[in-house]
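**Student:** Sequence:
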Amino acid sequence: MLASTNSFLDSVDKNFRHAMSFLELPEGLAERIVQCNSTYTVRFGVRLRGRMYSFVGWRSVHSEHCEPVKGGIRFTPDADAEEVEALAALMTLKCALVDVPFGGSKGALRIDPREWTLQELERITRRFTQELAKRGLIGPGLNVPAPDVGTSEREMAWMVDEFRRANPTDVINARACVTGKPLSKGGIAGRREATGRGVQFAVQSYLRDPRTPAIAGRRDLNGATVVVQGFGNVGYHAAKFLSEEDSARVVVIAERDGYVAKHEGLPIEALKQHHMRTGSILGFDGAKTFAGDMSGIEEACDILIPAAMENAIHIDNAERIKAHLIVEAANGPITFQADQLLRSRGVTILPDLYVNAGGVVVSYFEWVKNLTHIPFGLMERRRRERRNQTIATALERMTGKAFPTDMRDEFLEGGAEIDLVRSGLEDVMRSTWVNIADLLESKPELGDYRTAAYVTSIRRISAAYEAIGI
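Here the working numbering is used: the first residue of the sequence shown is 1, the next is one more, and so on.
There could be a bad hint or two in this list.
[Claimed, not checked] Cross-link-like lysine to aspartate or glutamate pairs, in silico, DMTMM-like; alpha carbons within 25 Å at most: (1) Lys185 x Glu153; (2) Lys322 x Glu413; (3) Lys272 x Asp316; (4) Lys322 x Asp419; (5) Lys240 x Glu417; (6) Lys240 x Asp170; (7) Lys134 x Glu122; (8) Lys262 x Glu298; (9) Lys272 x Glu255; (10) Lys14 x Glu24; (11) Lys240 x Asp419; (12) Lys401 x Glu417; (13) Lys240 x Asp406; (14) Lys240 x Asp161; (15) Lys14 x Glu31; (16) Lys322 x Glu255; (17) Lys240 x Glu24; (18) Lys185 x Asp419.
In short, the hints are calculated from the structure, not lab data.
Could you build all of it, start to finish, from the sequences and the hints given here?
**Tutor:** Here it is, written out as structure tokens:
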């Protein structure tokens, strides 16, 4: 990887090479794993508002040790090829870490979606999809995009529709060309919440492990103070689940225009409604507003969750971070230098390639659903209901007591798609944590969870390359 010093790509490259120093890989294979296979630059024009506008985008394929390759597409005004390559590298590592059979890819379009109407944005997205399709950069067995910063289910619906138009003779599996789609277009229940839900499962897995330090003497999140940077899809869901289901206190939500704070804990759903009405978290009733203040992540807390953009924590602010545990919900939120400084201070960091893997795990479930053309649970749900009904009836006869109504209803539920998706995701996040923690325990010289995660991923990628004779 070629990268400017202190850039996002530079941090990923340094983490790669640091992890490889603990592995005895053939030199050529080591470089092959590090390097990005290819990065395509796409330039195209769209006639809008009575004139031609030009756009530039990228799609990077980091590794094809497993195919298809997988990774999101972001729409941001400051996107560039270097950022896309770094994100593609993380996707390779992430998929290998959670044992999802995809190689790594990533894409971006340099655009500010807020500057365009809905109809204009649709035309731009469809044109971008055409350019990707012409180059074999989208397709169920080739390259499978997903939502990222600045994109959502809406853009994925446009992309799958445009892909089907471009491939009218091969539409049977066309819905699998992207993931993160609306349910009506072949999406899967739980995909929207998946990354935030994965963050929750990552924190739970960490705290359940007796080898890790407890938070304020506790092995649960009840009363733990949490600061979240970023209130987009990931930050919102992580904050919601940790506060509503685990009784954590989310004391700060930080965004690009400032932050809001409440010692007793912010009501996340009410804050979300305020954000949707006003376009900002600032001015929320019942919380202190700090407009234009970027120091929200420096507030004292048990857990800091950076869920915005890369390089949010850097050498200039790392010394002021007061969290005991940092949970990287964003991609690359801590620079390599800041990571070293934080660890020297005793701060524990759960790495991005583990913490935010929930999105790609559930994307994999969606991809499988699209290829099998059968919703999860369809063949089993009613059979499970009947089996559970038999068990409940037998227990009531044996004990002479009736199940409480709420418990009975939950027990008899056969398992909807959302339940199966959450169960599968939790299993992946728990087992992946055990793999990381076990490796660090057996090889303490690795020093931290990030390096253990990288080593786990690189070993699997190396094995995949060797299996195909590379």
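**Student:** Look at each hint and say if it fits the structure.
**Tutor:** Going through the hints against the structure:
no.	hint	in the structure
1	Lys185 x Glu153	holds (9 Å)
2	Lys322 x Glu413	violated (44 Å)
3	Lys272 x Asp316	violated (31 Å)
4	Lys322 x Asp419	violated (36 Å)
5	Lys240 x Glu417	holds (21 Å)
6	Lys240 x Asp170	violated (41 Å)
7	Lys134 x Glu122	holds (19 Å)
8	Lys262 x Glu298	holds (15 Å)
9	Lys272 x Glu255	holds (13 Å)
10	Lys14 x Glu24	holds (17 Å)
11	Lys240 x Asp419	holds (18 Å)
12	Lys401 x Glu417	violated (31 Å)
13	Lys240 x Asp406	holds (24 Å)
14	Lys240 x Asp161	violated (32 Å)
15	Lys14 x Glu31	holds (13 Å)
16	Lys322 x Glu255	holds (18 Å)
17	Lys240 x Glu24	violated (43 Å)
18	Lys185 x Asp419	holds (20 Å)
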